[in-house]
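Visitor: Residue strings, one per chain:
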Amino acid sequence: MTEKKNLPIGGIITQGGTAHEYVTGGWRKLRPVLDKGKCTSCLICWVMCPDSAIIVEEGKMIGFDMEHCKGCGICAEECPDKVKAITMKEETEQ
Amino acid sequence: MTTPAIKGQAGLTGNSAIAYGMKQINPDVCAAYPITPSTGIVEEFSGYVADGAVDTEFITVESEHSAMSACIGASAAGARVMTATSSQGLAYMWEMLYIASGMRLPIVLTDVNRALSAPINIHCDHSDSMGARDAGWIQLYSETVQEAYDNLLQAVRIAEHKDVMLPVMVCLDGFITSHAIENITLINDADVKEFIGEYQAAHPLLDTDNPVTYGAMTLPDTYMEFKHQQSKAIARSKDVVSEIGKEFGKKFGREYGLMEKYKLDDADAAIVILNSAAGTTKVAVDELRKAGKKVGILKPRLFRPLPYREIADALRNVKSVAVLDRVDSMNGFGGPLFNETRSALYELEKRPKVISRIFGLGGRDYKVKDAVQVFDELLKIADTGKVESLTKYIMNKES
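First to last, the protein sequences are chains A and B.
Position 61, counted from 1, in the first sequence is what the working numbering calls 61; the numbers after and before it change by one each time, with no gaps.
Converting from the second sequence to the working numbering requires adding 1000 to each position, the first position being numbered 1.
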């Protein structure tokens, strides 16, 4: 946020895309782990992720934005049954 | 005997005058749900919408909670927004009232004062607007149809003032003012248009070139700053209310201050009272003055923010004061106007005695003789310095 003295009134945010600046990865209890051998890059996880935390390059799913992933597990749930390339693991688990 | 009509005057009920004022203001959006005794406002205004007399987008909603929610959305989008309600309707808006003020949205709401359930009652008292007194809305109270209409026009200017940016509630008494026809001087459409001006929102949601977020979460590091801004804004609004009241007076001949002082300057005893009952009390004052008794009235117009310095100043030389509330705070210590007036007087070196009287709940009559009785009691207190009962109900029931 901007300096407190210059806060716009009413708690409004006067620019777009500020969610990038707010790191929510610390909320995570479970982390998604990708098995690249199984992933078909169907990108259902990219569509479903509520935090835009699936990183895609040149049409391929390459991993997670761990600064913003809250560990909700929607990606693992939505990954098709025949594929199941994402598993949720405890942060302390290897 | 018939009273000849005066040129430029109309006979209107409070509800009709408010609806007519809204027609002249021609807001961009009105979202409302009808409830007695404010129904007439919504009914007549929706007629203006249907007739094409206004450009307003009228949103028929399924509840008052939705009405205020739609008003908030429309106001955030950059529209000039108005609504009206009463009693349970205002109570049902409760959580949204705080969101409107916290987001600093200049919505104008007319509250036609009515008692809150239970027991259910459709008649006048101030439990609805007084229940919302800490919701961050500016509150203007109106004795007559004329004052209600004039307050409505000024409310638009106050709410949208750049140093204020807060919602305003215009209060008038249910049935007594909302349904009784009074003579009123209307202002012509062009003058109203010029007086209120155009509204340009600083950060409209619909301006996609300059995207903004309304309603974002704030954590302990900023929430307090926003509340501090809001607190300063409502405190500042007092001067804006004064300025606009003066400007209104210059333009239209009826000047408004923060309060009306009626024969108060040399008074020994004073009644502090809001809205239509002040009119009844004025008759009592005139009668008692004829008998040589020094009595007067302080009728606050602005209750939120509370003009505490001005109240103290107005009652500085009075010996005894009765604050008459048309609502009970249910705190075992009188009504809100009593508590706040008494608190305002604490700053004075030499304070008058102050008593609380609750009257007129659920539309119970308040008559000239009731005011006379209170003044008699006050003059006794002024003489003896002794208060027999600090808080009391004026039951006024002939049985």
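Simulated from the structure, these hints should not be mistaken for laboratory data.
Just to be clear, a hint being listed does not mean it is correct.
What the hints assert, rightly or not - Chain B is faced by these chain A residues, among others (derived, beta-carbon under 10 angstroms):
(1) Gly16
(2) Gly59
(3) Gly63
Stated by the list, open to error - Think about it this way: if two alpha-carbon atoms lie no more than 35 angstroms apart in a straight line, the pair counts; the simulated DSBU-like pairs of lysine-lysine are:
(4) Lys29(A) to Lys1227(B)
(5) Lys70(A) to Lys1007(B)
(6) Lys1007(B) to Lys1246(B)
Note that the structure is a prediction, hence the values are computed from the model and not measured.
C-beta: ideal position from N, C-alpha, C; glycine also.
Visitor: In ascending order, which of the hints set out earlier in this document are inconsistent with the structure?
Guide: Violated hints: 2, 3 and 5; rest satisfied.
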